[in-house]
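*Asks:* Work the whole structure out from these sequences, hints included.
Protein sequence lines correspond, in order, to chains Y and P.
Take 1 as the starting number for the first sequence in this note's numbering and just add one per residue.
Take 1 as the starting number for the second sequence in this note's numbering and just add one per residue.
Any given hint might turn out to be false.
To be clear about the criterion: a stretch of chain P counts as covered by chain Y if any three or more of its residues have a C-beta under 8 Å from a C-beta of chain Y, and this derived list gives those stretches [to be verified]:
no.: 1; segment: 27–35
no.: 2; segment: 60–68
Within a straight-line C-alpha distance of at most 35 Å, the following computed DSBU-like cross-link-like pairs (lysine-lysine) qualify [unchecked claim]:
no.: 3; chain 1: P; residue 1: LYS171; chain 2: Y; residue 2: LYS10
no.: 4; chain 1: P; residue 1: LYS32; chain 2: P; residue 2: LYS176
no.: 5; chain 1: P; residue 1: LYS176; chain 2: Y; residue 2: LYS166
no.: 6; chain 1: Y; residue 1: LYS242; chain 2: Y; residue 2: LYS10
Since the hints were made in silico from the structure, they are not lab data.
Positions of the beta carbon are idealized from the N, C-alpha and C atoms, including for glycine.
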Amino acid sequence: MTAARTLFDKIWDAHVITSREGGESLVYVDRNLVHEGPFYAFDALSSEGRSVHRPRQTLAFSDHYVPTAGRDRGSAGIADPEARVMVEQLARNARATGIVHYGMDHPAQGIMHVVGPELGLCQPGMIVSGADSHTSTHGAFGIFGFGVGASQVKHILATQTVWVSKPRRMRVTVAGTPGPLVSAKDIILAVIAEIGIEGGNGHVIEYAGTAIEALSMEGRMTVCNMSIEAGARSGLIAPDRKTWDYLAACPHAPKGADWDAALAFWRTLPGDAGARFDRDVQIDGARIEPMVTWGTNQDEAVGIGGVVPDPRAFADAARRERAARALEYMDLAPGTALRDVAIDRVFIGSCTNARLEDLRIAASLAQGRRARVPTLVVPGSRTVKRAAEAEGLHEVFLAAGFEWRDAGCSMCTGSNGDRVPAGERCASTSNRNFEGRQGRGSRTHLVSPAAAVAAAVTGRLADPRALA
Amino acid sequence: MSTGMQAFTPLDAVAAPLFEPNIDTDKLIPHKFLRKPLAAGYRNFLFHDQRFAEDGSVRPDFVLNRAPFDRARVLVAGRNFGCGSTREGAIYALQDFGIRCVVAPSFGDIFYANCLQNGLLPVVLGEATVAALAAHLEAHPGAHVAVDLAAQTLALPQGGTVRFDIDAVRKEQLLKGLDDIGMTQQHAQAIARFETAYRARHPWLFRDLPGLPRHAPRAGEGS
Ligand code: SF4
Numbered sequence: 001m002t003a004a005r006t007l008f009d010k011i012w013d014a015h016v017i018t019s020r021e022g023g024e025s026l027v028y029v030d031r032n033l034v035h036e037g038p039f040y041a042f043d044a045l046s047s048e049g050r051s052v053h054r055p056r057q058t059l060a061f062s063d064h065y066v067p068t069a070g071r072d073r074g075s076a077g078i079a080d081p082e083a084r085v086m087v088e089q090l091a092r093n094a095r096a097t098g099i100v101h102y103g104m105d106h107p108a109q110g111i112m113h114v115v116g117p118e119l120g121l122c123q124p125g126m127i128v129s130g131a132d133s134h135t136s137t138h139g140a141f142g143i144f145g146f147g148v149g150a151s152q153v154k155h156i157l158a159t160q161t162v163w164v165s166k167p168r169r170m171r172v173t174v175a176g177t178p179g180p181l182v183s184a185k186d187i188i189l190a191v192i193a194e195i196g197i198e199g200g201n202g203h204v205i206e207y208a209g210t211a212i213e214a215l216s217m218e219g220r221m222t223v224c225n226m227s228i229e230a231g232a233r234s235g236l237i238a239p240d241r242k243t244w245d246y247l248a249a250c251p252h253a254p255k256g257a258d259w260d261a262a263l264a265f266w267r268t269l270p271g272d273a274g275a276r277f278d279r280d281v282q283i284d285g286a287r288i289e290p291m292v293t294w295g296t297n298q299d300e301a302v303g304i305g306g307v308v309p310d311p312r313a314f315a316d317a318a319r320r321e322r323a324a325r326a327l328e329y330m331d332l333a334p335g336t337a338l339r340d341v342a343i344d345r346v347f348i349g350s351c352t353n354a355r356l357e358d359l360r361i362a363a364s365l366a367q368g369r370r371a372r373v374p375t376l377v378v379p380g381s382r383t384v385k386r387a388a389e390a391e392g393l394h395e396v397f398l399a400a401g402f403e404w405r406d407a408g409c410s411m412c413t414g415s416n417g418d419r420v421p422a423g424e425r426c427a428s429t430s431n432r433n434f435e436g437r438q439g440r441g442s443r444t445h446l447v448s449p450a451a452a453v454a455a456a457v458t459g460r461l462a463d464p465r466a467l468a
Numbered sequence: 001m002s003t004g005m006q007a008f009t010p011l012d013a014v015a016a017p018l019f020e021p022n023i024d025t026d027k028l029i030p031h032k033f034l035r036k037p038l039a040a041g042y043r044n045f046l047f048h049d050q051r052f053a054e055d056g057s058v059r060p061d062f063v064l065n066r067a068p069f070d071r072a073r074v075l076v077a078g079r080n081f082g083c084g085s086t087r088e089g090a091i092y093a094l095q096d097f098g099i100r101c102v103v104a105p106s107f108g109d110i111f112y113a114n115c116l117q118n119g120l121l122p123v124v125l126g127e128a129t130v131a132a133l134a135a136h137l138e139a140h141p142g143a144h145v146a147v148d149l150a151a152q153t154l155a156l157p158q159g160g161t162v163r164f165d166i167d168a169v170r171k172e173q174l175l176k177g178l179d180d181i182g183m184t185q186q187h188a189q190a191i192a193r194f195e196t197a198y199r200a201r202h203p204w205l206f207r208d209l210p211g212l213p214r215h216a217p218r219a220g221e222g223s
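*Replies:* Here it is in structure tokens:
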């Protein structure tokens, strides 16, 4: 009799080729995702005279450096010469190595963590590596997805394998039913506020509970996406009916007899009853409010009805110091009601919150209202963009005075030039509020798409429930 | 400057204190520099927005801009050092600045792995030990820390030696400058056997899907 295994154990066991002294294992990688960033990997590979072992199992995405306006001119339209080099270099490397490339002019182009799932390229039970920490997003499908640096990208290109030590298993159960307009983003911000930004270090987090089961696949991706912000290697959610229904509509999901075989396999993935976790955390979903960050780390978040905390209120000295520094950077005084904080700009986008569901919620609240501050809406992919336009969402955004752009990472990290100017305060649906993340001197408040619209139309951090 | 594994040789050098928690990779190297070719040199990108003012002038108050810390080979940092992104540019910037060893109570997982890929030694010590070391370095600028990876010890400037843990195989790789590909190739047969069995078990994963864009299709590829 074999011991009861978690979802993660099952994925892990199916991929281990060999284990060695010290605890690392060589695991097989089903899909390897790259963007423009790890060019060092391709450079090193070619200077070492190595080839790509399984080119069909790597996918390349132009997302970080692509412009979100003026795309009809192709890469010639990229004003910034260094960004143009990044975009052209990836196209060249993909062509030279025989890797499938979702380039700037591809109809399915977009952020790797949006495109991989929506095309059905990433499927339950897989190990997916990515040159990006948010590869954890794919965990929403019951995939062990994790980020690796350029050297490990090179290794995966050359061997289709990677050495990793088996993470510990944490389960976060979110029970209860969150209230209206409390979204997946609010759930994950509440989880990170609870366990802290290094609470997940060394772990894979499996999310469970009624509040997680109730989420759409889009919402589950949002939750898994930000697992890395709690320090976790990855996030995971057991695949279920919603997963199969989602995949059935994806162009590159298995078809016919393949579908039947795949589905039979996928059904075996959820954890066995009685499987043990190294750590268990419970969160009451009914008590989660729309969340907003006040600091420069993702665990510095409170409900929108709250106030900027007094650093002295933290019991832990290191936490006190960190909060004080964060407030200085954010230019916020303790005790300020978050709803009184004026903002300069809004960004709705990123691999956390730029899927169709996010844009639908945003449009439903933007309907008939006007932006008071510059507001940028950047769909996660061109597929999302087309679907949104087919529903007329873009017209709602444009009528509200929002900008409607082409797909990419955009202002999440500003690598394509869409940046938040120094000193400005941005309500953003992205995932990192680090100092300077959206541009040097930028101040970021992480929020859900609904709260981002509330901020856009009031010019302050605001409770989206007040708009509904 | 080049990427890749560098052998770790014994070190006895100036250590710089930067005992703040959660120094993320965006702080280590802002995203705007990740597009730079390695030939540009990454040393000035390290902690760029802390080290340099908007106008490019040097901020004399930042620890790595102050002599003798500008010669530091060891960085003594706070917990969760290197949290955030996968960007290996953070490692390249540290190495190009001259840092060969980072001592901290804990590291971001991906950053830790990236260190090991490049021969930058990450040393995990207890929070109190790191705090005391950082305080000593503040009070005695220029104090040396000696790192002996073979013995897994750190000789502290205030006296005494502490031992640190490291995965045995990773230690060998660091000492010899061996990268992972060399290690993996020793398992080439096991990988080939695994792939054959795995493909037989999950054939649907390996179909050549219609409509996938591709470049330079090659004969026999995707077998
Ligand atoms: S949207 Fe942001 S977090 Fe996501 S992949 Fe792009 S830059 Fe990274």
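*Asks:* Holds or violated: are the alpha carbons of P/LYS176 and Y/LYS166 at most 35 Å from each other?
*Replies:* holds (25 Å)
*Asks:* How does the segment 27–35 of chain P fare against chain Y when you require at least three residues with a CB closer than 8 Å, holds or violated?
*Replies:* Result for this restraint: holds, n = 6.
*Asks:* Given the proposed pairing of P/LYS32 with P/LYS176, does the C-alpha separation stay at or below 35 Å?
*Replies:* Holds, at roughly 34 Å.
*Asks:* Do three or more residues from the segment 60–68 of chain P put their C-beta atoms closer than 8 Å to C-beta atoms of chain Y?
*Replies:* violated (count 0)
*Asks:* Is the hinted pair Y/LYS242 and Y/LYS10 satisfied, with a Cα-Cα distance of at most 35 Å?
*Replies:* Judged against 35 Å, a Cα distance of about 20 Å means the pair holds.
*Asks:* Regarding the pair P/LYS171 and Y/LYS10, is the alpha-carbon distance no greater than 35 Å?
*Replies:* holds (30 Å)
Checked against the numbered hints given earlier, the structure breaks only hint 2 and satisfies all the rest.
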